[in-house]
Amino acid sequence: MISDQAKKEIDIWVAKYPTGRQSSAVMEALKIVQAENGGSLTNDLIKAVADYLDMPRINAQEVATFYENYNHKPVGKHVIRFCHNISCMLNGADDLISYLETKLGVKTGEARKDGLVSVKKVECLGACVGAPMCQIGDKYFENLTEQRIDEILDGLK
Amino acid sequence: MNKVCFKNINKDNPSSLATYEASGGYKVWRKILKGELSQGKILDELKTSGLRGRGGAGFPTGLKWSFMPRNQEGQKYVVCNSDEGEPGTCKDRDILRFNPHAVIEGMAIAGYVMKASVGYNYIRGEFMEPYYRFEEALNEAYGAGLLGEDINDSKITFNLYTHLGAGAYICGEETALLESIEGKKGQPRFKPPFPANVGLYGKPTTINNTESFASVPDILAKGGQWFADLGVPNSGGCKLFSVTGHVNNPANFEIPMGTPFSDLLEMAGGLREGRKLKAVIPGGSSTPVLPAKAALKMNMDYDSIDKAGSMLGAGSVIIMDDTTCMVKALTRLAHFYYDESCGQCTPCREGTGWIYRVLKRIMDGHGKNEDLDLLLSVQDKIIGNTICALGDAAAMPVESFIRHFRKEFEHYIKNGESMVAKDG
Ligand SMILES: Cc1cc2nc3c(=O)[nH]c(=O)nc-3n(C[C@H](O)[C@H](O)[C@H](O)COP(=O)(O)O)c2cc1C
Ligand code: FES
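Keeping their order, the protein sequence lines are chains A and B.
Take 0 as the starting number for the first sequence in numbering that gives the first Met the number 0 and just add one per residue.
Take 0 as the starting number for the second sequence in numbering that gives the first Met the number 0 and just add one per residue.
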């Protein structure tokens, strides 16, 4: 269920914690298998992570459902996480989110049919001086305008 | 400006070890490794400096460190809180990106003072660029022989690791953060026992904010008094303020404590043309909103903001001009707390949802006359009745928004639409 490569990556995290505390690595382990699975988790994957880390399955399940960064439904290849919290809202985030939805033909919270993108409204991403902003993959895109969004979307393959 | 955490921000390659060392970095740590600086002396300097926790609560850092049972046998931990999730706050991200070595040195010093040989820096999961920078800096520090086991035969051991979050504001609360490092849901613990006695993995632990740790090396290099004198009594030093919202030049500014708010507003480029200041949230979304008049009278220090009716918090100054619909602004914040409540305590779990739904109903044009009293009574029942301060954080904006802008709420309820021409 978990690839050798993923196990190697998980082991790097396990090594950071004291012996017997390998369940501390569960958050990263879930992210690693989620990435390998195209961006979302399944119950079987969560169980496999729990078994690999020798921790109660219910605890892994709790972590997987408590934190926002895990997806339990298939997502687009690129997930656009758009901040709609206060500083971004004051700088026009709502209009930009509507613009994005129209332009992509998708609603927030859903993946586009071709699987390329999904858009998610998220809370403050800690880059409020660059409002309005969004996150795609590991990257932040700040000081967004309609034009800037067009450019970013053109870059998504 | 830019005297401590941001002192290298305008240099080439600000995050590198070379830049950091060229500006005096790791001098204090090297002195410690040579056995030339005692724990007692460090605690004295910290107390003199007046440094107060930059994570929001403002607890004196020197005092916090002195609570650690440092002579107790067994493992102890130092934890850095880089979970930065309070709406309006984005300073720790820049410290991690542009001055990661100050965080490393500050944590190492803390490890020495508390006799803790292991540290974790908890970085929020979305901060991948800051995480890579911090990891790079860690590698540099290990490579230069500044971290590890029995460093330079000093008998001092300090190993530092990064832990990444996965999207939960509540993990910024220190005991939820510890739970999270342990691989659990981020639900805050009852206090007491405090982390200083029962912390990470049940061991004594000191938790500080990124900016607090990053301020420590310079305080010790230049002296507690030097730092204290940068600020005003009871608010030592300088502090990072994230100025966001309706200003021309939103940015982080490291300025002396006690700087007049109006000066800070000017540094941020002032308001946009033709706009007037309406309201200010001075310390992040969890601190009470202030009407322009009160804000313009305050200085950026703990006591002055307190006197104006709010709190310095994490120094996250959210500026709202006269185009802001206060009903919409509060509804957005209410949604945030509803989303982020961990669900452990009934008043917070139920109260945050209730507040959000009532506000949403007002915005949808179905508000009732009694809704404002209802909101006030719900928030009042949350305050003080929860394990952690998220409940208070959710409640305080409600009370202050309604108190200062009641007419706007009443108008929305009566007419089903905003009193302000353009919202947002
Ligand atoms: C809901 C909630 C969220 C918090 N978020 C953060 C945060 O993101 N960063 C932080 O440093 N402190 C945060 N705090 C405060 C911490 O609990 C703690 O007081 C702080 O990390 C201590 O460090 P300091 O003394 O250096 O400020 C939060 C508190 C609460 C109740
Ligand atoms: S409010 Fe959008 S990044 Fe903070």
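It is worth saying that the hints were derived from the structure and are not from the lab.
Given the structure is predicted, the values throughout are model-derived calculations rather than measurements.
Treat the hints with care, as some may be off.
As the list claims (entries may be wrong) - For each label pair, taking beta carbons as the anchor points, the in silico distance ranges come out as: (1) 379(B) to 14(A): 47 to 53 Å; (2) 18(A) to 379(B): 44 to 50 Å; (3) 2(B) to 17(A): 35 to 41 Å; (4) 142(A) to 12(B): 36 to 42 Å; (5) 2(A) to 305(B): 53 to 59 Å; (6) 2(A) to 365(B): 49 to 55 Å; (7) 142(B) to 64(A): 50 to 56 Å; (8) 136(A) to 17(B): 38 to 44 Å; (9) 145(A) to 413(B): 50 to 56 Å; (10) 91(A) to 12(B): 31 to 37 Å; (11) 18(A) to 261(B): 54 to 60 Å; (12) 23(B) to 11(A): 29 to 35 Å; (13) 356(B) to 53(A): 38 to 44 Å; (14) 113(A) to 296(B): 43 to 49 Å.
Just so you know, even glycine gets a beta-carbon here, dropped at the ideal spot from N, CA and C.
Hints versus structure:
no., hint, in the structure
1, 379(B) to 14(A): 47 to 53 Å, "49 Å, holds"
2, 18(A) to 379(B): 44 to 50 Å, "48 Å, holds"
3, 2(B) to 17(A): 35 to 41 Å, "38 Å, holds"
4, 142(A) to 12(B): 36 to 42 Å, "23 Å, violated"
5, 2(A) to 305(B): 53 to 59 Å, "55 Å, holds"
6, 2(A) to 365(B): 49 to 55 Å, "52 Å, holds"
7, 142(B) to 64(A): 50 to 56 Å, "40 Å, violated"
8, 136(A) to 17(B): 38 to 44 Å, "30 Å, violated"
9, 145(A) to 413(B): 50 to 56 Å, "35 Å, violated"
10, 91(A) to 12(B): 31 to 37 Å, "34 Å, holds"
11, 18(A) to 261(B): 54 to 60 Å, "56 Å, holds"
12, 23(B) to 11(A): 29 to 35 Å, "33 Å, holds"
13, 356(B) to 53(A): 38 to 44 Å, "42 Å, holds"
14, 113(A) to 296(B): 43 to 49 Å, "56 Å, violated"
Of the numbered hints given earlier, the model fails hints 4, 7, 8, 9, 14; all others are met.
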